[in-house]
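Sequence lines, in order, name chains A and B. The numbers in the first sequence follow my numbering, run straight up by one, and end at 202. The numbers in the second sequence follow my numbering, run straight up by one, and end at 1169.
Treat the hints with care, as some may be off.
Label pairs and their calculated CB-CB ranges [to be verified]:
#1 Ala1105(B) / Asp139(A): 18 to 24 Å
#2 Ala1105(B) / Lys58(A): 54 to 60 Å
#3 Thr1049(B) / Ile202(A): 19 to 25 Å
#4 Lys180(A) / Lys1129(B): 19 to 25 Å
#5 Glu192(A) / Pro1126(B): 57 to 63 Å
Not close to chain A: a few residues of chain B, all C-beta gaps over 10 Å, as computed [what the hints assert, rightly or not]:
#6 Lys1002
#7 Thr1058
#8 Met1087
#9 Met1119
#10 Gly1130
#11 Gly1143
#12 Thr1150
#13 Asp1153
These are computed hints drawn from the structure, not numbers from a lab. Idealized CB from N, CA, C, for every residue including glycine.
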Amino acid sequence: MNKVFAYAVALFVVFGVAVAALVLTGIIPSADKSGRSGIIVGAPQIGGEFTAINNKGKAVSDKDFQGKMMLIFFGYTFCPDVCPTEMQTFAQVMNELGDDGTSVTPVFITIDPARDTVPVMEEFVQAFHPSIVGLTGSDAQIDQIKKAYRAYGQKDEGDDSEYYLVDHTSFTYLMGTDGKLITVFSYGTTPEEIVKTIKEQI
Amino acid sequence: MKLLKFISAIAVASFLTLSFSATGVVAHGDEKHDGIELKDAWARARTATAKVGGAYVTVHNMGKEDDRLIGAKSKIAHKTEIHTTKMTDGVMKMIPVSEGVAVKAGKMIMMKPGSYHIMFMGLKEPITKGKTFPVTLVFEKAGEIETTVTVKDAGAMGGMDHGKMKKAN
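Work out the full structure: start from the sequences and follow the hints.
What follows is the structure, encoded as structure tokens:
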């Protein structure tokens, strides 16, 4: 009787050690802890349907932009630093593309629709390049676009009611003529690089 | 004779006072005060209805003592603050620098897009290209120093019109 018991215990121990070894070497998956940082290049879920109002006051949807590429940046006009910088990059891209510029629509989408009304948007984009389309709309419309593009825009809570700042993601998205994502540029990508990528698509 | 001496004394005193205050007169763009030099103050043009704006100044501490930029003042806006832009995981935050910006002896802080800037909130006048206006920087030790801001293009990247400037990421 004792011997059987002893063998059973031994078997049990060996089994336990074996399982532990398999888990440690990753052959058997343990609880998933993989936290990836927000790399979204090539992710199929960027983009999608939306409706908005452009800087001329016209109601538009994602369908109106298909057939051409889109170069998209999210920001707000009360932003004195980051957004003018990127709009300047957009202007330089359009200037460098020249005739090829007809194949892409540069778009500035506000994450602050409360203050960025149609006339404000029109004034803002015109200061940089006549081809830049500004998109604003209701809170619901902007929330929908933000969700579709995984863009973040959050009003700074501890701020003045009138001059509040808005934290926001600063990626520039290049969408294909079919509305699907081609690539994402991080803030600071040079106009030359953006032009190169666009030309490769033409 | 006594009266003449008295008048001369007053004249000399006035002259000295005037010349001392004259050394505080604004030389366009560059200001030196207790070792702190301000140069190349510039701003980006904003739309006619814009309520906020930003300006950039290069601060050079040419003195022997460390100092700290603790604030800014201007008549062009209701509120003027020093802000910086911080990027974390792709999210841009523009925040007031409440503890100030250290400007150590011999060091230079060059405010520029993407970094420190003077933030004007509640503009009283439009910031249009070509305009100049005064702004005052407040230092812990050196006190208040005024300089003149020149307004450049809406998308200008520098006060010295370098043209295309590449941004390293």
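To see whether the hints hold, each was checked on the structure:
1. Distance hint for Ala1105(B) and Asp139(A): a CB-CB separation of about 50 Å, inconsistent with the stated range 18 to 24 Å.
2. Checked against the given bound of 54 to 60 Å, the beta carbons of Ala1105(B) and Lys58(A), roughly 58 Å apart, stay inside it.
3. Range check, Thr1049(B) to Ile202(A): about 37 Å between beta-carbon atoms, so the 19 to 25 Å window is missed.
4. Hint check: Lys180(A) to Lys1129(B), Cβ distance near 39 Å, so the stated range 19 to 25 Å is violated.
5. Under the hint 57 to 63 Å, the C-beta atoms of Glu192(A) and Pro1126(B), about 33 Å apart, miss the expected range.
6. For Lys1002(B), the condition that its CB be more than 10 Å from all CB atoms of chain A holds, with the nearest at approximately 63 Å.
7. Distance to chain A confirms Thr1058(B) as a non-interface residue, since its nearest Cβ pair spans about 16 Å, more than 10 Å.
8. Distance to chain A contradicts Met1087(B) as a non-interface residue, since its nearest Cβ pair spans about 7 Å, not more than 10 Å.
9. The beta carbon of Met1119(B) sits about 6 Å from the closest Cβ of chain A, which is not more than 10 Å, so the claim that it is off the interface is violated.
10. Look at Gly1130(B): its CB is around 14 Å from the nearest CB on chain A, clear of 10 Å, so calling it non-interface holds up.
11. Against chain A, the non-interface label of Gly1143(B) holds: every CB pair exceeds 10 Å, the least being about 26 Å.
12. Distance check for Thr1150(B) against chain A: the nearest CB is about 16 Å away, which clears 10 Å, and the non-interface claim stands.
13. Listed as outside the interface, Asp1153(B) is inconsistent with that label: its C-beta sits roughly 8 Å from the nearest C-beta of chain A, within the 10 Å cut-off.
In the structure shown, a violation is registered for the earlier hints numbered 1, 3, 4, 5, 8, 9 and 13, in ascending order.
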